[in-house]
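Number of protein chains: 2
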Amino acid sequence: MKLSNYLIATLKEAPSDAETTSHQLMVRAGMIRKIAAGIYNFLPTGLRVFRKVENIIRDEMNKAGAIEVMMPFVTPADLWQKSGRWDIYGKELLRLNDRAERDFCLGPTHEEVVTDLVDREVKSYKNLPVTIYQIQPKFRDEIRPRFGVMRAREFTMKDAYSFDVDEMQAERSYLNMFDAYKRIFDRCGLTYKAVEADSGNIGGSFSHEFMVLAETGEDLVLSCDSCDFAANVETTSVRVSLNDKSPEKLLPKEEIETPNMTSVDEVTGFLKVDSTLIVKTLVLETDTGLVAVLIRGDHELSITKLKKFLDVNLLELAEKEVLKKHKIVKGFCGPVDLDIKIFADNSIKELNNFITGSNKPDSHIRNVNHGRDFEIQSFGDFREAVDGDLCPCGDCKAKLASTRGIEVGHVFKLGTKYSESMNATFADQDGKEKNYYMGCYGIGVGRVVAAAVEQNNDKDGIRFPKALAPFEIIIISTDKNEGDSLSKASEIYDLLLENNYDVALDDRKESPGIKFKDAELLGIPFQLRIGPKSLEKGVVELKDRLLGNVLELDKDDLQGIKDKLDELLR
Amino acid sequence: MKLSNYLIATLKEAPSDAETTSHQLMVRAGMIRKIAAGIYNFLPTGLRVFRKVENIIRDEMNKAGAIEVMMPFVTPADLWQKSGRWDIYGKELLRLNDRAERDFCLGPTHEEVVTDLVDREVKSYKNLPVTIYQIQPKFRDEIRPRFGVMRAREFTMKDAYSFDVDEMQAERSYLNMFDAYKRIFDRCGLTYKAVEADSGNIGGSFSHEFMVLAETGEDLVLSCDSCDFAANVETTSVRVSLNDKSPEKLLPKEEIETPNMTSVDEVTGFLKVDSTLIVKTLVLETDTGLVAVLIRGDHELSITKLKKFLDVNLLELAEKEVLKKHKIVKGFCGPVDLDIKIFADNSIKELNNFITGSNKPDSHIRNVNHGRDFEIQSFGDFREAVDGDLCPCGDCKAKLASTRGIEVGHVFKLGTKYSESMNATFADQDGKEKNYYMGCYGIGVGRVVAAAVEQNNDKDGIRFPKALAPFEIIIISTDKNEGDSLSKASEIYDLLLENNYDVALDDRKESPGIKFKDAELLGIPFQLRIGPKSLEKGVVELKDRLLGNVLELDKDDLQGIKDKLDELLR
Numbered sequence: 001m002k003l004s005n006y007l008i009a010t011l012k013e014a015p016s017d018a019e020t021t022s023h024q025l026m027v028r029a030g031m032i033r034k035i036a037a038g039i040y041n042f043l044p045t046g047l048r049v050f051r052k053v054e055n056i057i058r059d060e061m062n063k064a065g066a067i068e069v070m071m072p073f074v075t076p077a078d079l080w081q082k083s084g085r086w087d088i089y090g091k092e093l094l095r096l097n098d099r100a101e102r103d104f105c106l107g108p109t110h111e112e113v114v115t116d117l118v119d120r121e122v123k124s125y126k127n128l129p130v131t132i133y134q135i136q137p138k139f140r141d142e143i144r145p146r147f148g149v150m151r152a153r154e155f156t157m158k159d160a161y162s163f164d165v166d167e168m169q170a171e172r173s174y175l176n177m178f179d180a181y182k183r184i185f186d187r188c189g190l191t192y193k194a195v196e197a198d199s200g201n202i203g204g205s206f207s208h209e210f211m212v213l214a215e216t217g218e219d220l221v222l223s224c225d226s227c228d229f230a231a232n233v234e235t236t237s238v239r240v241s242l243n244d245k246s247p248e249k250l251l252p253k254e255e256i257e258t259p260n261m262t263s264v265d266e267v268t269g270f271l272k273v274d275s276t277l278i279v280k281t282l283v284l285e286t287d288t289g290l291v292a293v294l295i296r297g298d299h300e301l302s303i304t305k306l307k308k309f310l311d312v313n314l315l316e317l318a319e320k321e322v323l324k325k326h327k328i329v330k331g332f333c334g335p336v337d338l339d340i341k342i343f344a345d346n347s348i349k350e351l352n353n354f355i356t357g358s359n360k361p362d363s364h365i366r367n368v369n370h371g372r373d374f375e376i377q378s379f380g381d382f383r384e385a386v387d388g389d390l391c392p393c394g395d396c397k398a399k400l401a402s403t404r405g406i407e408v409g410h411v412f413k414l415g416t417k418y419s420e421s422m423n424a425t426f427a428d429q430d431g432k433e434k435n436y437y438m439g440c441y442g443i444g445v446g447r448v449v450a451a452a453v454e455q456n457n458d459k460d461g462i463r464f465p466k467a468l469a470p471f472e473i474i475i476i477s478t479d480k481n482e483g484d485s486l487s488k489a490s491e492i493y494d495l496l497l498e499n500n501y502d503v504a505l506d507d508r509k510e511s512p513g514i515k516f517k518d519a520e521l522l523g524i525p526f527q528l529r530i531g532p533k534s535l536e537k538g539v540v541e542l543k544d545r546l547l548g549n550v551l552e553l554d555k556d557d558l559q560g561i562k563d564k565l566d567e568l569l570r
Numbered sequence: 001m002k003l004s005n006y007l008i009a010t011l012k013e014a015p016s017d018a019e020t021t022s023h024q025l026m027v028r029a030g031m032i033r034k035i036a037a038g039i040y041n042f043l044p045t046g047l048r049v050f051r052k053v054e055n056i057i058r059d060e061m062n063k064a065g066a067i068e069v070m071m072p073f074v075t076p077a078d079l080w081q082k083s084g085r086w087d088i089y090g091k092e093l094l095r096l097n098d099r100a101e102r103d104f105c106l107g108p109t110h111e112e113v114v115t116d117l118v119d120r121e122v123k124s125y126k127n128l129p130v131t132i133y134q135i136q137p138k139f140r141d142e143i144r145p146r147f148g149v150m151r152a153r154e155f156t157m158k159d160a161y162s163f164d165v166d167e168m169q170a171e172r173s174y175l176n177m178f179d180a181y182k183r184i185f186d187r188c189g190l191t192y193k194a195v196e197a198d199s200g201n202i203g204g205s206f207s208h209e210f211m212v213l214a215e216t217g218e219d220l221v222l223s224c225d226s227c228d229f230a231a232n233v234e235t236t237s238v239r240v241s242l243n244d245k246s247p248e249k250l251l252p253k254e255e256i257e258t259p260n261m262t263s264v265d266e267v268t269g270f271l272k273v274d275s276t277l278i279v280k281t282l283v284l285e286t287d288t289g290l291v292a293v294l295i296r297g298d299h300e301l302s303i304t305k306l307k308k309f310l311d312v313n314l315l316e317l318a319e320k321e322v323l324k325k326h327k328i329v330k331g332f333c334g335p336v337d338l339d340i341k342i343f344a345d346n347s348i349k350e351l352n353n354f355i356t357g358s359n360k361p362d363s364h365i366r367n368v369n370h371g372r373d374f375e376i377q378s379f380g381d382f383r384e385a386v387d388g389d390l391c392p393c394g395d396c397k398a399k400l401a402s403t404r405g406i407e408v409g410h411v412f413k414l415g416t417k418y419s420e421s422m423n424a425t426f427a428d429q430d431g432k433e434k435n436y437y438m439g440c441y442g443i444g445v446g447r448v449v450a451a452a453v454e455q456n457n458d459k460d461g462i463r464f465p466k467a468l469a470p471f472e473i474i475i476i477s478t479d480k481n482e483g484d485s486l487s488k489a490s491e492i493y494d495l496l497l498e499n500n501y502d503v504a505l506d507d508r509k510e511s512p513g514i515k516f517k518d519a520e521l522l523g524i525p526f527q528l529r530i531g532p533k534s535l536e537k538g539v540v541e542l543k544d545r546l547l548g549n550v551l552e553l554d555k556d557d558l559q560g561i562k563d564k565l566d567e568l569l570r
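Heads up: the sequence lines are chains A and B, in that order.
Residue numbering for the first sequence follows this note's numbering, beginning at 1 and increasing consecutively.
Residue numbering for the second sequence follows this note's numbering, beginning at 1 and increasing consecutively.
In short, the hints are calculated from the structure, not lab data.
Please read all numbers here as calculations on a predicted model, not as lab measurements.
The C-beta atom is built at its ideal place from N, Cα and C for all residues, glycine as well.
Some hints here could point you the wrong way.
Which chain B residues face chain A? A few, computed with CB under 10 Å, are given here [what the hints assert, rightly or not]:
{"id": "1", "residue": "6"}
{"id": "2", "residue": "43"}
{"id": "3", "residue": "71"}
{"id": "4", "residue": "76"}
{"id": "5", "residue": "104"}
{"id": "6", "residue": "106"}
{"id": "7", "residue": "108"}
{"id": "8", "residue": "156"}
Sequences and hints are given; from them, build the entire structure.
Right, here's the structure in full:
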C-alpha cells in the first residue's frame with residue numbers, strides 16, 4: 001500500500017469523550033470514528049487490524065471443524081417469542097416494526113435463529129455433533145455505550161453454537177471450542193486468562209470468559225497462585241471464614257445524628273469506626289417485588305450472585321419514589337422496622353452491635369443486632385470477592401489475588417435451555433425425539449482489536465503484536481522530494497510486495513518527523529527508514545517498534561534485507 | 001471438507017413460494033433458507049459461493065486502488081436529514097428508534113455516511129481522488145420481496161464511493177470502477193452486458209447497470225447489433241418515427257357501450273380494431289397533484305421517463321377513491337372533459353379518430369381527437385421502448401433487439417448532489433472550499449450468486465462456473481461401507497487438500513445415487529467417482545459437470561490425476 005493513495009487519518013489529540021487508552025489511541029491512530037453513541041466507522045487502518053483478527057478466528061474455527069453460515073441481522077419476533085426471550089430481554093434488544101407493522105429485532109445474539117435452523121436441517125443423531133458459526137454484525141442497545149468499540153452498540157461478533165446428542169458429547173464440543181479459543185488468542189499474540197464466569201441472560205449452566213489482561217481492564221479477575229482457579233470477581237464464591245473474635249455482648253441500640261452523611265466513608269470518618277462495623281442496606285426492585293440486602297461496609301454487592309440466588313431477571317437499585325412509598329429515606333436505609341424481605345451476606349452472620357441507617361433523614365443507629373432488632377430471611381454469598389479472600393477450591397488454603405482484564409471471548413454450556421423452550425429435537429438411535437444439548441461461543445472481533453491496543457501501548461502509541469498490526473513493515477522515505485531515497489524505498493517496496501509481505505510505503509510529501517510519529521502511533525512492528533544520510537553511509541535503517549533498537553542493513557543487499565525481515569517476522 | 005461432518009441440506013422439492021429457477025435451485029441445493037419475507041439464512045454451501053464472490057470483488061476493488069472501510073448498518077437520522085433524504089426516501093428506508101427514542105434507520109445505501117466520513121477526514125485536493133468501499137449488510141424494506149436472495153430485504157452489498165476534485169477526474173474514477181466491474185464479472189465466469197440505466201432515487205446524472213443475461217431475468221434490455229448501444233428498457237429513448245399513413249379526416253365522436261370491458265384486449269376484441277387505435281388514459285398521483293398520461297394501446301408507460309420529465313419523486317397509479325373525487329371511473333378513464341393536466345406520449349401526436357374511455361361506467365368513445373375534443377399539456381417520450389424500435393444513437397438505422405437480464409451491479413455518476421446538500425468540501429489548489437465530485441458503485445453479493453444460478457443450470461441442478469462453485473472437485477466414494485473405495489478416495493482427498501485444491505470428500509453413508517444427485521444439484525464442476533467396479537478395472541472416473549463426459553484415470557497414478565485436474569481447473 002502506498003500511503004500517498006491511502007487514507008491515513010491520524011490526530012494529535014484524542015476526543016474528550018475517550019476515557020480509556022485504547023479508545024484514545026484508536027481514534028488518534030485513525031482506526032475508528034464515532035458517528036453516533038456506540039456506533040462507529042472502521043477507517044482503513046482499523047479495518048486492516050479487524051480483518052486480521054477475523055481471519056485468524058475463521059481459520060481456527062474451520063480447523064476445529066465448525067461450519068460457517070450467515071444468519072440475518074434483522075430477526076423476526078416469532079423466534080424470540082418461542083424461546084420466551086421476547087418478553088424478558090430488556091431494552092438492549094432493539095425492537096422494530098417493518099412497513100407491514102410486523103415485529104422484528106436486531107439480533108444481539110443468535111441462539112433463537114440457529115436453534116430454528118438446526119432443528120429444520122439436522123434431523124438425526126447421525127448428523128450430530130455439529131458446530132455452526134458466523135462472523136456478523138450484532139446490535140445491543142446498551143444504556144451506556146463507552147470505551148470506543150470496546151463496548152459499542154453495533155459490533156461484529158463471531159458466534160458459534162454446538163449441538164450434541166447428550167451432555168457428555170456437549171462437554172466435548174465445549175472443550176473443542178475452548179481449545180480453539182486458546183489457539184485464536186495465542187495467534188493474536190495476546191496475554192490472556194480463561195476464567196470461570198456467569199452466564200448472564202444467555203442462560204445455561206456453566207461458562208468461561210477469556211480475559212485479555214490489562215491494568216485498565218473493565219473486569220476484575222481473581223486467581224489463585226497455588227491452584228488453577230481463576231474467575232470473574234462477579235462470580236467468585238466467597239468461603240465463609242470463621243471470625244476469630246468472640247461475639248460481643250449485645251448493647252442497647254442508640255440513634256445518632258449523621259447530618260447529610262450517606263456514604264460509608266462519611267459515616268466511618270465521623271464516628272471514627274472501622275468500615276467493617278457498618279452494614280449497608282440496599283433496596284432493590286426485582287421481577288417479584290422489592291427486597292433488601294445487607295452488605296458489610298467494606299464489601300460490594302454482587303448483582304450476579306444475588307440474581308442467581310433469587311432466580312430473577314430484573315435486579316436494580318430502587319428509585320427514590322419507590323423508597324418513599326415504603327417510608328425509606330435514600331442514603332439512610334436500615335433494616336430496623338423495614339416492611340420488606342431482608343437478605344444478608346454471610347459476613348453479617350457473626351457481626352453484632354453494628355451501625356445501620358435509621359430510615360429517617362440524617363440519622364443512623366448504633367448497636368443494631370439481627371435476631372433482636374429485625375429478622376433475616378436468608379443468609380447467602382452475596383458479595384463480590386476481593387483480593388486476599390481464600391481460594392474457593394476447598395483444597396488449597398491460598399489467598400486470591402486480583403488482576404484486571406477485558407472480556408474478549410465467552411464460552412457457555414447451554415444444556416437444553418433453548419432446544420426445550422423452542423421444542424427443537426432430533427431422532428435418537430432408538431427413534432425417539434430428544435432435545436439437542438447446546439453450547440454457545442462468542443468472540444467480539446472489534447473488542448479483540450481494542451483489547452490488543454489496551455494491552456500493548458506506550459507513550460508513542462500502539463505496540464501491536466505482529467499478527468495484528470495494520471502493516472507488518474512500513475518503508476519510510478525520509479526525503480520529502482522524489483529522488484534517490486524514494487527510488488530505493490520503492491525498489492525494496494516492490495520486492496517485498498512481490499514476496500507477499502504485508503508492507504506499506506510512506507511516500508507522502510510529509511516531513512520525516514510526521515512519518516515516524518504516524519508509524520509509531522499505528523504500532524507497525526518494523527520501520528525501514530531510507531534517507532539521503534543513510535544512503536550516503538551505504539545503509540538503510542531498520543527500527544524495531546517493540547525492542548526500540550535500530551539496525552543498519554546494507555542498502556544494496558536486497559536479499560540480506562529480506563532475510564533479516566524473514567527472521568524477525570516469521 | 002468431509003461431508004460426513006458437514007451440513008448438506010439438499011431437498012427433493014422446492015418450496016411453493018419459489019417462482020424462479022434460481023430461487024428453487026438454491027433452496028433445493030440447501031444454499032439458502034427463508035426465515036421471514038425477504039430475510040434469509042445462508043447455509044454452508046451457499047455461504048461458500050457467497051464468499052467466493054466476495055473475495056473476487058474485494059481483490060479487484062483493492063487492485064483498482066479502492067480502500068476498504070466498514071460503516072455501520074444502523075445509521076443516525078441526522079445525516080439523512082442533512083442530505084434531505086430522510087423525508088423523501090419512501091417506506092423502503094426502515095426507520096427505528098433506540099431506547100432513548102432517537103431516530104435511526106437501517107442503511108439501504110451509504111452515500112450520507114460516507115460523505116460525512118470523507119468530509120471529516122479528507123480536507124485537501126492533495127488527498128484526492130479517493131475511492132472508498134465496504135462489503136456490508138443493507139436493508140431495504142421492499143413492499144414485495146421475492147425470488148429468494150435475488151430481491152431480499154436484508155442483503156449484502158459491496159458499495160463503493162469515489163470523491164474527486166472535478167467532473168473530469170470523476171469521469172476517470174467512474175471508468176476505473178467500470179473496468180473493475182468488468183474484471184469482477186469476467187472472473188466470476190458470467191455472461192453479462194453493461195447497459196445505460198436510470199439513476200433512481202440515488203440521484204445523479206448518469207449510470208450503467210451490469211446485467212447478467214438470463215432468459216428468466218427480471219429486467220428487459222434493448223441493444224443494437226450495429227452499434228454499441230445497450231440500455232434498460234426503462235430508459236431507452238424512443239426515436240419519433242414519422243407515420244407513413246396520411247392523417248384521416250376527423251370523424252364525429254360517438255359513445256359505445258362496452259360492458260365490463262376495462263382492458264385493451266377486451267375492447268379491441270369486442271370492437272374488432274387494432275390495439276394501436278386505442279389510447280389508454282393513466283391517472284397518476286405525484287408530489288404535485290394528479291396528472292393523466294396518454295399511452296397507445298400497444299405500448300407501456302415508462303414510469304422512469306415520466307418521473308424524470310415531471311421532475312417528481314412520487315409517481316403511482318391513483319387509487320379508486322381519488323379517481324372518484326374527479327368523477328373518473330376506474331377502467332373507463334378518458335381524456336374528454338377531464339379536469340386534470342394531460343400529458344401524452346409522442347406516438348399519440350399523429351393519431352386521430354382513436355378510442356378512449358368515456359369516464360362513465362361500461363362505455364368508451366370512438367373517433368376521439370386531441371385539439372378538437374381535449375387539450376394536451378405536453379407531448380414527450382413516455383413509453384417503454386420495445387423490440388424493433390429504432391436504435392436511438394441517431395447514426396445507425398438498425399432496429400433494437402431485446403434480451404432479459406438480472407441487474408448485479410450499478411455504477412452512478414453523482415456529481416455534487418450529496419456534497420452540496422451535506423455541505424461537504426475540500427480545499428482546492430487555490431485554497432477555496434469546493435464540493436467533492438462523487439460517484440457510487442454497488443454490487444449485490446447474494447444477487448450475483450443467484451444470477452449465476454439463474455444463468456447456469458439444467459434439469460439436474462446448478463452448473464456453477466468454476467470460480468463460484470461451492471467446491472471445485474467432489475470425490476465420491478460410491479461404496480456405502482468403509483473399504484477400498486473409501487481408502488482410495490481418502491488418499492486422493494488428502495493429496496488434493498495438501499495441494500490446496502478446493503475439494504470435498506463425500507464419505508456419507510448414503511447410496512451412490514444420492515451422492516451423484518447432490519453433486520449435480522450443487523453444481524460442482526468435477527466429480528471423481530471411486531467404487532469397487534472402477535477400482536477392479538484399475539481406474540477412477542472423472543465426470544465433468546459442464547461437458548457431461550466421463551474420463552477414466554489410472555487409479556494409482558496420483559500425479560496423473562492431479563495433472564489432469566490442474567489442466568481442467570487452472
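Right, here's what the structure says about each hint:
1. About 6 Å separates the beta-carbon of residue 6/B from the nearest beta-carbon of chain A, less than 10 Å, and the hint is met.
2. Taken as an interface hint, residue 43/B checks out: its beta carbon lies about 6 Å from the nearest beta carbon of chain A, inside 10 Å.
3. Using the Cβ-Cβ criterion of 10 Å, the hint placing residue 71/B at the interface with chain A is satisfied: the shortest such distance is roughly 5 Å.
4. At its closest, the beta carbon of residue 76/B sits 4 Å from a beta carbon of chain A; the interface hint therefore holds under the 10 Å criterion.
5. For residue 104/B, the interface hint holds, the least distance from its beta-carbon to any beta-carbon of chain A being 7 Å, beneath 10 Å.
6. Because the beta carbon of residue 106/B sits about 7 Å from the nearest beta carbon in chain A, less than 10 Å, this interface hint is met.
7. At a threshold of 10 Å, the smallest CB-CB gap from residue 108/B to chain A is about 12 Å, leaving the interface hint violated.
8. Because the smallest distance between the Cβ of residue 156/B and any Cβ of chain A comes to about 8 Å, under 10 Å, the interface hint for this residue holds.
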